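Heads up: the protein sequence lines correspond to chains A and B, in order. Position one of the first sequence corresponds to residue 1 (our numbering), numbered consecutively onward. Position one of the second sequence corresponds to residue 1 (our numbering), numbered consecutively onward.
A couple of the hints might just be wrong.
To be verified - Rough simulated footprint, nothing fancy, chain B against chain A, three-plus residues with beta-carbon under 8 Å:
| no. | region |
| --- | --- |
| 1 | 188-202 |
| 2 | 220-229 |
| 3 | 234-243 |
None of these hints come from the bench; they were simulated from the model. In this text, all values refer to a predicted model and were calculated from it rather than measured experimentally. The beta-carbon is built from N, C-alpha and C at its ideal position, and this holds for glycine as well.
The chain contents come next:
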Amino acid sequence: MSHATASAAPAAPAAGVRSWLTTTDHKRIGLLYFWTAFGFFLIGGIEALVIRTQLAQPNGHLVGAHTYNELFTMHGTTMIFLALMPLGASFFNYIIPLQIGARDVAFPRLNAFSYWVFLLGGLFLNASWIAGPLFHAPHLSVAPDDGWFGYANLTERQFSPGPNIDFWLLGLQILGISSLAAGFNFIVTILNLRAPGMKMMRLPTFTWMTLVTQFLIITAFPVITVALVFLMFDRFFGTHFYVHEAGATPLLWQHLFWLFGHPEVYILILPAMGIVSEVLPTFSRKPLFGYPVVVYSGILIGFMGWSVWSHHMFAVGLGPIADSVFAATTMLIAVPTGVKIFNWIATLWGGDIRGTTALHFAVGFIAMFIIGGLSGVTHASPPTDLQQTDTYYVVAHIHYVLFGGTIMGLFAGMYYWWPKMSGRLLSEPLGKWHFWLQFVGMNLAFFPMHFIGLLGMPRRIYTYAPELGVGDLNLVSTVGAFLIAVSILVFLFNIWRTGRHGPRASNDPWGGATLEWSIPSPPPVYNFSVIPTVTSRLPRWRTERHGPMADPPAVPPAPIHVPGGSWWPMVAALGLPVMALAPLTHTLWVVFVGAALLLFGIYRWAFEPFEI
Amino acid sequence: MTHAAPAAPAVVAHHTSMGLDSRKMAFWAFIGSECLLFGSLISTYLIYKGKSVVGPYPHEILNIPFTSVSTFDLLMSSLMMVLALAAVQRGDMKWGKIWLFSTALLGMVFIGGQVIEFTEFVHKGLTLQTNLFGCTFFVLTGTHGAHVTVGVLWLLTLWVRALQGKLGPANAMTVEITGLYWHFVDVVWIVIFTVVYLIQ
Numbered sequence: 001m002s003h004a005t006a007s008a009a010p011a012a013p014a015a016g017v018r019s020w021l022t023t024t025d026h027k028r029i030g031l032l033y034f035w036t037a038f039g040f041f042l043i044g045g046i047e048a049l050v051i052r053t054q055l056a057q058p059n060g061h062l063v064g065a066h067t068y069n070e071l072f073t074m075h076g077t078t079m080i081f082l083a084l085m086p087l088g089a090s091f092f093n094y095i096i097p098l099q100i101g102a103r104d105v106a107f108p109r110l111n112a113f114s115y116w117v118f119l120l121g122g123l124f125l126n127a128s129w130i131a132g133p134l135f136h137a138p139h140l141s142v143a144p145d146d147g148w149f150g151y152a153n154l155t156e157r158q159f160s161p162g163p164n165i166d167f168w169l170l171g172l173q174i175l176g177i178s179s180l181a182a183g184f185n186f187i188v189t190i191l192n193l194r195a196p197g198m199k200m201m202r203l204p205t206f207t208w209m210t211l212v213t214q215f216l217i218i219t220a221f222p223v224i225t226v227a228l229v230f231l232m233f234d235r236f237f238g239t240h241f242y243v244h245e246a247g248a249t250p251l252l253w254q255h256l257f258w259l260f261g262h263p264e265v266y267i268l269i270l271p272a273m274g275i276v277s278e279v280l281p282t283f284s285r286k287p288l289f290g291y292p293v294v295v296y297s298g299i300l301i302g303f304m305g306w307s308v309w310s311h312h313m314f315a316v317g318l319g320p321i322a323d324s325v326f327a328a329t330t331m332l333i334a335v336p337t338g339v340k341i342f343n344w345i346a347t348l349w350g351g352d353i354r355g356t357t358a359l360h361f362a363v364g365f366i367a368m369f370i371i372g373g374l375s376g377v378t379h380a381s382p383p384t385d386l387q388q389t390d391t392y393y394v395v396a397h398i399h400y401v402l403f404g405g406t407i408m409g410l411f412a413g414m415y416y417w418w419p420k421m422s423g424r425l426l427s428e429p430l431g432k433w434h435f436w437l438q439f440v441g442m443n444l445a446f447f448p449m450h451f452i453g454l455l456g457m458p459r460r461i462y463t464y465a466p467e468l469g470v471g472d473l474n475l476v477s478t479v480g481a482f483l484i485a486v487s488i489l490v491f492l493f494n495i496w497r498t499g500r501h502g503p504r505a506s507n508d509p510w511g512g513a514t515l516e517w518s519i520p521s522p523p524p525v526y527n528f529s530v531i532p533t534v535t536s537r538l539p540r541w542r543t544e545r546h547g548p549m550a551d552p553p554a555v556p557p558a559p560i561h562v563p564g565g566s567w568w569p570m571v572a573a574l575g576l577p578v579m580a581l582a583p584l585t586h587t588l589w590v591v592f593v594g595a596a597l598l599l600f601g602i603y604r605w606a607f608e609p610f611e612i
Numbered sequence: 001m002t003h004a005a006p007a008a009p010a011v012v013a014h015h016t017s018m019g020l021d022s023r024k025m026a027f028w029a030f031i032g033s034e035c036l037l038f039g040s041l042i043s044t045y046l047i048y049k050g051k052s053v054v055g056p057y058p059h060e061i062l063n064i065p066f067t068s069v070s071t072f073d074l075l076m077s078s079l080m081m082v083l084a085l086a087a088v089q090r091g092d093m094k095w096g097k098i099w100l101f102s103t104a105l106l107g108m109v110f111i112g113g114q115v116i117e118f119t120e121f122v123h124k125g126l127t128l129q130t131n132l133f134g135c136t137f138f139v140l141t142g143t144h145g146a147h148v149t150v151g152v153l154w155l156l157t158l159w160v161r162a163l164q165g166k167l168g169p170a171n172a173m174t175v176e177i178t179g180l181y182w183h184f185v186d187v188v189w190i191v192i193f194t195v196v197y198l199i200q
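Chain B on its own, in the form it takes in the complex:
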């Protein structure tokens, strides 16, 4: 799932029975597995919805306008990711670097938004231990935030490699796989935003 050194495109050129790059296939399998992970977390949130015996309750505390902005930010980061991959594929490393960094930056803005949101909730009296809403909300969105953080680290690694001149069109597959991960994390957020914030 990690990428080979830039000078060794041998892996990409390897013959495969399905005609699909092995790393890409492994990543699709990984995403399938992750669906079950988030599926279990979201199901638990739904099962425990409305079961809290003490407040604060979701409608008292969730700030939909604020989270809509971070959702928009994350959606835009997916657009940047698409542009980054297109740039790397056509060998335009100048824009490749810009878009890779922009994607990571928007990811960091999202994480920043989550930090602000969590801090505010704690000030308003909602912690992990307060009630079932707190348990399920923080573990679900926290797991998602951890995924975004991993994605940001990954994107920054690619960006540094690009700055060093070690990332080029030969590594387009690596960028594509990073993009698969990033878009997946983004799609999961759309589901979380809908289930947790919009449908209260």
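Chain A extracted, bound-state conformation:
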């Protein structure tokens, strides 16, 4: 592949479809992640709207029970694996190398591989919506239908004979490979590619939280991979890993799934916590209150996230000792989380506050996450959890944490970093409209669910009787869901309009303290004309001991080597869904085609000249 060398004059970035297909530039991969994940976010959102329309009134008949099962399964799976995680990944990709003063990630081609595997895995999973005719199914759709946590033994061939669960278990295995590859890449990038003087305790908080997240990913994903491999063997090769009659226990699935599933909750929330910890100081013009404490709490959450999984299983009846231990660890993990909340509030306290849209979302995050956190502590007690489990109360909790928390945090990041990524400032008035519509919408949608749940409405049931008396509350919830949809349209309109007419962003539109604000928006392909030397945790701010650092020169004083693109990460990635087609279609030779494609891609990748 070609070796582009940017000369003294910054070269225009290569254009055309080919340059995007072969790109290894972390900024382009970040944008690809962003738009792909946002597309899946819209698909997951549409699924949610259909669910809410169905539930708007008692005895709804928009969809039947089976379609409803597919909708809530795909809504959960899509939002967690195809929207929230990769939206976080888009910021890891775009922002982390800029924050640590690097030219790219440690393994640019592995990074491209992660993206292509994610895209193909997401398409594979969603293909189940229209793949029915291929399997001679009575419906168009053979989408997964056993809930996003796919409890055994409901997922066994005996109870789920169609290809629905096959799509789910194969798609998730593919997506796991993407996350694992990105995990190794970002751990090495953050530890090894820091600019001179960027000590670990000078890393921006977002970078720190990303590092903790990546360690959680590389340790949690192997566990779900094993759980999915067992399920695959049960369904395709007749093993008995989750079959009671053979002496096995379906509980094994629950343990393995939640051993992954609870760290996964922190994989979703820690990046948002990192974003908020960047946005609040910038718009309060104050350093983050207690930076080391925020970092250590993040690390502590990473460790403690491994010790609470059985609180998802109180209803199983694990016995008083196990229940007490997991109740205690669950209450304990609220402590480092609470510490962070106090740190964020203290950062705002007495600050020179500018009420930008990004700050609105960051403060919204704190408020909503507190509500979600408090309802979470109520599940920590087994007796109350037994009242709440499998009701809408749990749905309310997860949406306050993942929508009020993660999505709010991600939108704070979008309004904060979009000028850096696109070179255009987003409209603040439209941004405020977006925020207030979304904020009101989400509270209308999810707050009534606490009552709906405590009044006895179970989750994952496609309709309810008018005698239950939750019809009005459900209608409110549905109105809220549509308000959220309107707010997302406002956001897309904002991006589209400012992309054409918006004012150009300077290097540093917000007066940020971190390195990404010292270079042009959008950054040149080589990021930094000269790799900066860092002498302070807030390099661009004047502190008691340090003046602000000088920005790198606009024109590189010496030619900068920029790696060319490569086709092979995509070719290798293509091998995985092809391999997954083999069990789906029960054709053995397909697996060899896929494996050959994967091997061919890896060998070409290994032996092509490619200098980082």
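Mind docking chain B on chain A? Use the hints.
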């Protein structure tokens, strides 16, 4: 995780914040991740130990003397790997080639042993579907065997590169990383051998 062309040691010379080669660090992270993979598999084996409702049971079928020989074979392959790395590092490519091939050969002997073992078990009535012992035993040892197979392919690739004269001391890091993988797979086998075969 793959290695650059021999003529481009630029990657090795790259400055890193921790002073550790990036590929090596990534590989340590990968090994950490693999520990959780095998940890889950071994835990499942232990959880389901003694839970099979029909035979054959482990004590009726496991052939400890036979597997001790393959374990010894795999241990010796780790020794060959150490010698291969030492030879490549000092630029002795003649012995480098010999030791690389010996490592791969012992790996293939191990795989051969596993094929013989699996075939014999199937003849004695233990398949994937027979009972929980069959499920957990074949998936655990099969996953390990797949790892050995990948390692053999990797070693043979390096050996072919060495025959072509494209592998030299400049690629010592690549050989070192291959060695990390190989030793890890070997250590995992020691655990499996102990847990599955020795402690019945």
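Verification of the hints:
no.	hint	result
1	188-202	holds (count 6)
2	220-229	holds (count 8)
3	234-243	holds (count 5)
No hint from the list above goes unmet by this structure.
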